[in-house]
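Visitor: Now for the letters of each chain:
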Amino acid sequence: AQSVTQLGSHVSVSEGALVLLRCNYSSSVPPYLFWYVQYPNQGLQLLLKYTTGATLVKGINGFEAEFKKSETSFHLTKPSAHMSDAAEYFCAVSEGFQGAQKLVFGQGTRLTINP
Amino acid sequence: NAGVTQTPKFRILKIGQSMTLQCTQDMNHNYMYWYRQDPGMGLKLIYYSVGAGITDKGEVPNGYNVSRSTTEDFPLRLELAAPSQTSVYFCASSLPLSGGANEQFFGPGTRLTVL
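These protein sequences, in sequence, are chains A and B.
For what it's worth, this note's numbering labels the leading residue of the first sequence as 1, then goes sequentially.
For what it's worth, this note's numbering labels the leading residue of the second sequence as 116, then goes sequentially.
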């Protein structure tokens, strides 16, 4: 079975600093990988996804992630944090490529931005 | 488009009571999903459906039932509520896969407490 591990349940950075949220996955087949963001009291929104092709994926709000097969990683970065980035971030891997796309989520990383 | 809507937003149940969590989407998505999110944990798939009349179990189906009589609606039923079912429940929907990883759209969630 596929699994996702997010290193660090809580990350705190200063406004303007680099954001780095770590995600490692296990999969026996080439995976589809996702980052979702959850703002307080809201549902999840897709930030970005990797399917095939270019390993550096750009998403919304200035976020990007790089798929590294040799490291089984899909870390999320943003060069300069903004106060509005404070939220919980989930990495997910897709289990199954036909039929329903069942997502397996990591435990989440809460990002705090310090002024 | 309203997207994915869920009712109620909050509910407190007594042990042994039953209730139905409602989920409706207006995007004409074939696939729908129910997840639960426990504190400090990622989302876990309860049930999913690939179309009207077709449902299947996810990772944590025990204690729940679903039905899918229309494309738009995917209610989740708790028959005998237990404290272990205290959680936040999210409904999501997506289009069928077509050679790529399709985004799942999430509702705002239902916060359920069982006492």
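Hints listed in this document are in silico derivations from the structure and should not be mistaken for laboratory results.
Heads up, the beta-carbon is just placed ideally off N, CA and C, and yes, glycines get one too.
Mixed in with the good hints, there may be bad ones.
Claimed, not checked - For lysine-lysine, the following BS3-like pairs were computed, each having C-alpha atoms within a straight-line distance of at most 27 Å:
| hint | chain 1 | residue 1 | chain 2 | residue 2 |
| --- | --- | --- | --- | --- |
| 1 | B | Lys-172 | B | Lys-124 |
| 2 | A | Lys-49 | A | Lys-102 |
| 3 | A | Lys-69 | B | Lys-159 |
| 4 | B | Lys-159 | B | Lys-129 |
| 5 | A | Lys-49 | B | Lys-172 |
| 6 | B | Lys-172 | A | Lys-102 |
| 7 | A | Lys-68 | A | Lys-102 |
| 8 | A | Lys-102 | B | Lys-129 |
What the hints assert, rightly or not - For the chain B half of the interface with chain A, some residues (derived, Cβ under 7 Å), not all of them:
| hint | residue |
| --- | --- |
| 9 | Pro-154 |
| 10 | Leu-158 |
| 11 | Gly-166 |
| 12 | Ala-167 |
| 13 | Glu-187 |
| 14 | Pro-190 |
| 15 | Val-203 |
| 16 | Phe-205 |
| 17 | Phe-221 |
| 18 | Leu-227 |
Visitor: Next step is simple, just say for each hint if it's right about the structure.
Guide: Each hint tested on the structure:
1. B:Lys-172 x B:Lys-124: The given pair, whose Cα atoms are some 24 Å apart, holds under the 27 Å limit.
2. A:Lys-49 x A:Lys-102: Holds, at about 14 Å.
3. A:Lys-69 x B:Lys-159: 25 Å, holds
4. B:Lys-159 x B:Lys-129: Status holds; Cα separation ~23 Å.
5. A:Lys-49 x B:Lys-172: Cα-Cα ~25 Å, so holds.
6. B:Lys-172 x A:Lys-102: Holds, because 11 Å separates the two Cα atoms, which is no more than 27 Å.
7. A:Lys-68 x A:Lys-102: Judged against 27 Å, a Cα distance of about 22 Å means the pair holds.
8. A:Lys-102 x B:Lys-129: Given that 27 Å is the threshold and the Cα spacing comes to 31 Å, the pair is violated.
9. Pro-154: Because about 10 Å separates B:Pro-154 from the closest Cβ in chain A, which is outside the 7 Å limit, the hint is violated.
10. Leu-158: Hint holds; B:Leu-158 Cβ to chain A Cβ min 5 Å, cut 7 Å.
11. Gly-166: Violated, because the Cβ-Cβ distance from B:Gly-166 to chain A comes to roughly 10 Å (cut-off 7 Å).
12. Ala-167: Hint on B:Ala-167: violated, closest Cβ of chain A at ~14 Å, above 7 Å.
13. Glu-187: It is violated, given that the least Cβ distance between B:Glu-187 and chain A is near 17 Å, above 7 Å.
14. Pro-190: The hint is violated - B:Pro-190 has no Cβ within 7 Å of chain A, the shortest such distance being about 17 Å.
15. Val-203: Status violated, d = 10 Å.
16. Phe-205: 6 Å, holds
17. Phe-221: Because about 3 Å separates B:Phe-221 from the closest Cβ in chain A, which is inside the 7 Å limit, the hint holds.
18. Leu-227: 15 Å, violated
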